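So the sequence lines, in the order shown, correspond to chains C and L. For the first sequence, position 662 matches number 657 in the working numbering, and the numbering has no gaps at all. For the second sequence, position 224 matches number 247 in the working numbering, and the numbering has no gaps at all.
Keep in mind the hints are simulated off the structure, nothing from the lab. On a predicted model such as this, the values are computed, not experimentally measured, just so you know. Built from N, CA and C at the ideal position, the CB exists for glycine as well. Don't take every hint at face value.
[Claimed, not checked] Restricting the straight-line Cα-Cα distance to at most 27 Å, the calculated cross-link-like pairs of lysine-lysine (BS3-like) are:
#1 C:Lys30 <-> C:Lys44
#2 C:Lys636 <-> C:Lys497
#3 C:Lys593 <-> L:Lys58
#4 L:Lys48 <-> C:Lys593
#5 C:Lys417 <-> C:Lys504
#6 C:Lys497 <-> C:Lys417
[To be verified] Quick look at which bits of chain C chain L covers, simulated, 3 or more residues with Cβ under 8 Å:
#7 31 to 45
#8 140 to 152
#9 169 to 179
#10 471 to 477
#11 561 to 575
#12 592 to 602
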Amino acid sequence: MILFLAYLAVVLSLSSALLALLIRQQAVLATGFAKARDKGVRLPPAVEKFLVDALSPTRFQSRLQQLVFLCLGLAGLSAILSGLSVLVSDSIVRDQLVLGLPWLPWHVRLDSLSGFFYLIIGLAVAAVSLFGPGYVKDYDEQEDSFTVLGLFTGIFIAGMFMVLLADDAFFFMIAWELMSVASYFLVSFQHQEAANRRAAFLYLIMAEVGAIAIILGFGVIAGFSADYSFTFDAFRDTDLSVTWASVAFILALLGFGMKAGLVPIHVWLPEAHPVAPSHISALMSGVMLKVALYGFIRFCFELLGDIQWEWGVVLLVIGALSSLGGIFYAMMQNNLKRLLAYSSVENIGVIFMVLGLSMIFLDQGHPEIAALGFMAALFHAFNHALFKNLLFLGAGVIQHQVHSLNIDDMGSLIKRMPHTSKLFLVACMSIASLPLFNGFVSEWLAFQTALRVDVIDNAVLRSLIPVAAAALALTAALAAACFVNVYGVMFLGLPRSRHAEKAEETQDKGMLAALSLLAGLCFLVGVIPGMVISLLDNVSIQIIGNALPNVAAVNWFWLAPFSAEQASYAAPLVLFGVLLVGGVSFWYLRRNSALEFKRTETWDCGYGGLNNRTQYNSVAFMMPFRRIFANVWELDEKIDKKSSDVPQQVSEIRYQLQVDDHSWRWIYNPIERLVYGIARIIGRLQTGNIRIYLAYSFVTLIFLLWVVS
Amino acid sequence: MNWIFAFIQTLLFIVLAPLLVGWVKWWKCRLQNRKAPSLLQPYRDLLKLTHKQPVVSHTASWLFIATPYIVFSAMILAASVVPLISIDLPTAASADVIVLVGFFAIARFFQALAGMDVGTAFGGMGASREMTVSTLAEPAMLMAIFTLTMAASSTNLASAIGYVLDQGMVLRPSFVFALFAMILVAIAETGRIPVDNPATHLELTMIHEAMILEYSGRHLALIEWASAIKLMLYGVLISNIFFPWGIAVDFAPSALGTALLWLLLKLAVLAVFLAIT
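This is chain L alone, in the form it adopts within the complex:
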């Protein structure tokens, strides 16, 4: 039962992620006084990309082709260990929060290598910048999470969130700092302004987009989907670690339903923040 639930929760992660991207884009457009695309536009983009023939450079090696699958798998594994609507998650025991950061590291490692594989300046530039940003962001993220795990004396995300839930509303100064650090890391790692701009069309100002410039078709779809999941992961981490209220502790359908509603609400608010920055 638990394992089936963990599976469903991971599926939910995968399915909801493009919606979150669409929601952020929608807000961004509205704030810039533009007409917004439909919330479902990211799904249509992904579907369209999977039906296109991918184009690969002559100079690319097997690593370039394998990378999208590796990145996608790493992100799904990361999604499978983060409690989304219930903290009673059996998969959380297979990988704790340090391993979670490790999954992000795997995805980044291969994306940066794939950027350098084709041998263009843009790929190298993206890879170099991505590694720089993440070198600064990864320790910051670990420290922000360690603030929580030291208090909960557990690196297992499910039990750490359970601990925060048990404590109730206590204002801890360390958590406030950790929250700010985590938001900054999320902005840097998901390629948002001011660190990067996912909507830029000037290659020189790109980080993430420069790195994946050579991808097309289903390869691009996988990478885009993986970065949508990554955005959602950071959103869920922030909302469930620092504001865990509403998350289900068991499998009662009503609790799960409320948890889902709460989560959507929290993510929606958080996404508006992202759109404003």
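Pulled out of the complex, with its shape left as it was, chain C reads as follows:
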């Protein structure tokens, strides 16, 4: 039954892909239907009426789009159900499909770990399917576009599900490539613009380099396994020497890290995520990165065998670099989706950092703390999927209504888009990890893990882990500043452009429903984190082999992973306290109705003339950070002042700011030059002169004859 639901999710996403192909076939379908009716095929009257209506030329397109997204929604639902049931029943389901190579059928396995990621993808896909129909109406006028979009969205989602189901290296790589290539087409969807083509190409190159690294990683394990069956079961039984295991670990880190967006191999992410349509960006940022995380966990915690603490240190360092780098670069962006993409780098960094902690504790013989770290990492992955999806879908709504993604073009949307602005606020509070929202809980668990450092004897680790905790704290504080800026500039203040002034709330109920679903989950998980944690307990038992030290203390009300004396958090109590104090003070101060507040002009220091240019924008907001952390970015600031006749008075001033990523200058441009240089040297072989080519053939012939003789 579980497996049936899991397959159903894959089949439904593939069928949504196929249905999207029909979008241009209205005439064919309509005549076919008419012929069938002539031949006497009889359907129930209600169905027949519906079909006649749906096949009419005016309705066909929107009906089919709805059908495509309905399929996706059902796929999401069945994924949620199968994920939940496998998590609750704590079972492992296996199957073999007679597909693929003759001697290697596709092995399928669904266990707690893949079940949990199934749940994440299912939730995201369900939200996207609600959001999609309203959003894709935009693309109507473009030729053929929905066909491409729907086709590759379906394949992309099916690919992600299949990665989770795969239980042998061969099937895994096929599913992985299906996901990568389909998402390449989605990134290059609006290929009319050169920048998008460039972003898509960059993505494809890096995805393929990553895939090669993963194949090599599997190859290392396969080389030591008893038979060349390439199944994960065989991999699990393989014993690798520490050196080879470390080689495989590095390859996996490179391969999965490239997909997950770890610094410094993150550069495709801020290019590719913003150019895809918003619901695709949501899936890529919220979910595809998690699939890479899944692959990494499966590979390192299960297939590789014994964990070494040195790996944990590597993850800690790279995770800290990614989280700080990601949030620093996010702060300097003014394209909303680019900003969100960088913030995904940050969150992935946090997740890998906590995974690193978990590895360290596991190797040092403290599996119960390792379990806590592992659960914190997975919980953060879950939370990130929720709020990043919400943010990207919110960005989609805003782009739809304001026709811009530049946050400095917005402002005052809180009055013009009352619903979206509240839901977006929930997302900002979650991602800024404020108490009562889900981001805080995973952060809290991460800190609790880091603070158990006193059980470790190794002096290097004892001094390193608190530094990691400091990096985590700095990341959280920077994220809060970043999202205060985002929300303040986009939704508050005066409208910064004509578009923002004319913006209206979206009329599409589906879009708002998608946002509300995600925002509600963010809040619910934030107040009752025990729900998700009890699900995660089985995953932890399966992978780490240990549950939380104090499972009994984790229920819907309390969260106390060790004991109440050591650390506890009761979100419902906090919520009650906030409501009580806020309510009492509100009621008390509002008693006197004569003191109802009065609306008047804003205080302008007596000068007058406040307008939308006299308020802070995002560049101004981030100025102190640019001064303090100046070396973090490649900054290029230019100030152009023109002074007037009156001395000391400036008549015109122009400010230009260009923020670039260090990694381009120090890593990618040298690599590009190197590849180009090698290509030029090799290119000398190609002279274009036929005599030279004949000489090549002749020399090769002589050489082969010499080899044979």
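Starting from the known structure of chain C, fit chain L onto it as the hints suggest.
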């Protein structure tokens, strides 16, 4: 019994906070050779503000109106989990020290947003500067507290303070560093010189005051009261974490009385330091 006591302790926090502000102001005036206002002046200011009609800009949204209540609630919740005169505090279990920092973060998040809501340069300036200062101060505060919690292997404030109390007078170098860090953070976060100046009248030099420039009436009263509680919270955190001696471990009336006297003494000394800086 415990819960009633926790409630009373929180009330004590709320009631005493303006007095601490008055005390700091009194010292400041005396040190500057000025005539000092009464110690009760902050209470009179708060009372006066609650009886005034608030004025709100046309451009402000609901967030601007809701912020004072959110900030005030967050600060009271923070006050409810910090042991004031006894470490036997049931509410301390509902939120540990990381959540405490989270409460500060909520208050700051909404204050900064409210500063940007009206759409003036001052609000944005205050918000931007406040977020900058706090971005540097918040990790420092967490690290200072983590020094303690790692030693006590507990993030629950009541048990961590109990641990320090049990250890007795032991000079730990890490605690000395943590203490200095905590004092610096307290100066930065409560808007004292040299980071900010609560008495400034020049908007360009303001941080916290610029952010709340648009508030008036009861909204301003709530925000002022919340920042008084915040000042007191930092004072209590420093004195009870690093110098916990005198704090009551049970509910014996005599122990509570001595604890209260000790606390007032410690806070009074600490406030003089703040006034000097």
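If you check each hint against the structure, which ones fail? 2, 3, 4, 7, 8 and 9
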